[in-house]
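**Q** Chains as they are written, first to last, in my numbering: chain C, 1 to 207; chain D, 1 to 82.
In case anyone wonders, no lab produced these hints; they're calculated from the structure.
Remember, it's a predicted structure, so these values are computed and weren't measured experimentally.
Some hints here could point you the wrong way.
[Said to hold, decoys possible] To be clear about the criterion: a stretch of chain C counts as covered by chain D if any three or more of its residues have a C-beta under 8 Å from a C-beta of chain D, and this derived list gives those stretches:
(1) 57-71
(2) 120-129
[Said to hold, decoys possible] Incomplete in silico selection of chain D near chain C, CB under 8 Å:
(3) Arg19
(4) Ser23
(5) Val32
(6) Val43
(7) Glu44
(8) Ala48
Note that beta-carbon positions come from the ideal geometry of N, C-alpha and C, so glycine has one too.
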Amino acid sequence: MTVRDVVVTGLGATTPLAGTMSATWVALLDGLSGARPLDAPWAADLPVQFAASAAEEPTARLDALTARTLDRSQQFAVVAADEAWADAGTPDIDPERLAVVVSTGIGGITTLLEQYDALRERGARRVSPHTVPRIMPNGPAAAVGLRLNARAGVHAPVSACASGAEAIAQGLDLIRAGRADVVVCGGAEAVIHPLPLAAFAAMRALS
Amino acid sequence: MTDNDILAAFADIVYEVARIDASIVTPEKRFVDDFDIDSLSMVEIATAAEDKFGVSIPDSALSDLKTVGDAVAFIAKAGVAA
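So that you can see chain D by itself, here it is in the shape it has in the complex (with noise of 0.2 Å):
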């Protein structure tokens, strides 16, 4: 999976919880300030984006994603379940 289309996948999932328009996912996009999402959302987008890409995202690690690219940078580096 390319970070591309990690971005695409995430993106949907954004907008499945939040509904948030897909096309405005983009990486310097940041969840609070740009999203107004708040942290309950944050765990259900976490716990659904484990599901889809076969990735642990610990609390520890949750807090740090602040925008949509170190989220899609954190779910490459952790290794994609293709």
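Isolated chain C (complex conformation) (with noise of 0.2 Å):
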């Protein structure tokens, strides 16, 4: 049995360095960190005081209903992808033979901490009927499969924090299996906010 050849056509990356790829690129071969002092009010009673928060605002390259409709980790889901989809040279497909695999390994929490004030503070008919795709895990695989109208398939497998790592393997598995012709994975997380940083500074994961 012969493996078929897969290729990267395309790079998206929104980071701590950078919004683009290309400036990730260069911020990273000049030995840059995109570490910075946390110096928000509510970081103030926090046991780390430092984050890899992202160098640009992800609302910055969508439009507002997009921007609205969508959890921060979804946003930057989509913004890299659109990045990668332009750099691939906006690939004519059949939508039947593009997948999308984008995983997260947490996703909507601070939609979800949002709606509970929602919930509590205004009621249960004031909670916003676009917390399930902002909250569920898939969300910024949908959402990326939204945008590109890809029908061969969208999927989120969702592992710690390897799971952009296992999304891009998947990609690689769908193509082999003959059951996409591309493929755009790759992983989101936007996890910066209270509670997710108290919690893994309570399991000892910060430094």
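Build the complex from these two chains, which are given one at a time in their own frames, with help from the hints.
**A** Set out below in structure tokens:
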């Protein structure tokens, strides 16, 4: 049995170093760090006082409606996918041959917390109808899949910090298995919030 | 509140939820076909309209509101709190 060759045709990233793949790469080669002090008032009592937050707000690259309906983790996924798609030359492909595998380790936790506040303070009818698509772990994959009209499958293998790497491996498998010709794959996360930071610190996973 | 007042206030809600410019939110416009507003955003619009106009828009009525004019008429008939 011959193994089908798979190639990477486009890259995208929005990171603590920069808002694009190319600028991230330049910053990496320059040896820059994306870690910075957490000086917001909400961080004052946290056991950790720094984080590698995004260099650029994802909303800078999204239309207002898209930004409004997506969780922050999904905004990052869409911004990176848009860049990768453009970098690949905006492929003209049958949607039935295009798949998406985009993962997150935690996903829409800030939406979950914000909507829990809405529930407690204003009641059940004030919980946003967008809550479920914003908090589900396959939300980033779904957002990218809808944007690119991918119909060969939209998946989100979740495996903690390895989620994005596993997504790329699954994309490779989908092409080799003949289920898709192009797969947009990767990972996105947005957990710089007091609760996840306190929780990771409590398990002594932060320095 | 006149129908025009309701329309103007309703158009602000449509802009807030779906980022449709208020100037094109006119009575004959259809939420789905003209504005591409999905069912989840329609629920948001209805909830915001309940808050703003002091009316109740049950889910069973929401599915019948196909145009901006339908919504304005429903709100006017339901009795707008000034």
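**Q** What hint numbers does the structure not satisfy?
**A** Violated hints: 4, 5 and 8; rest satisfied.
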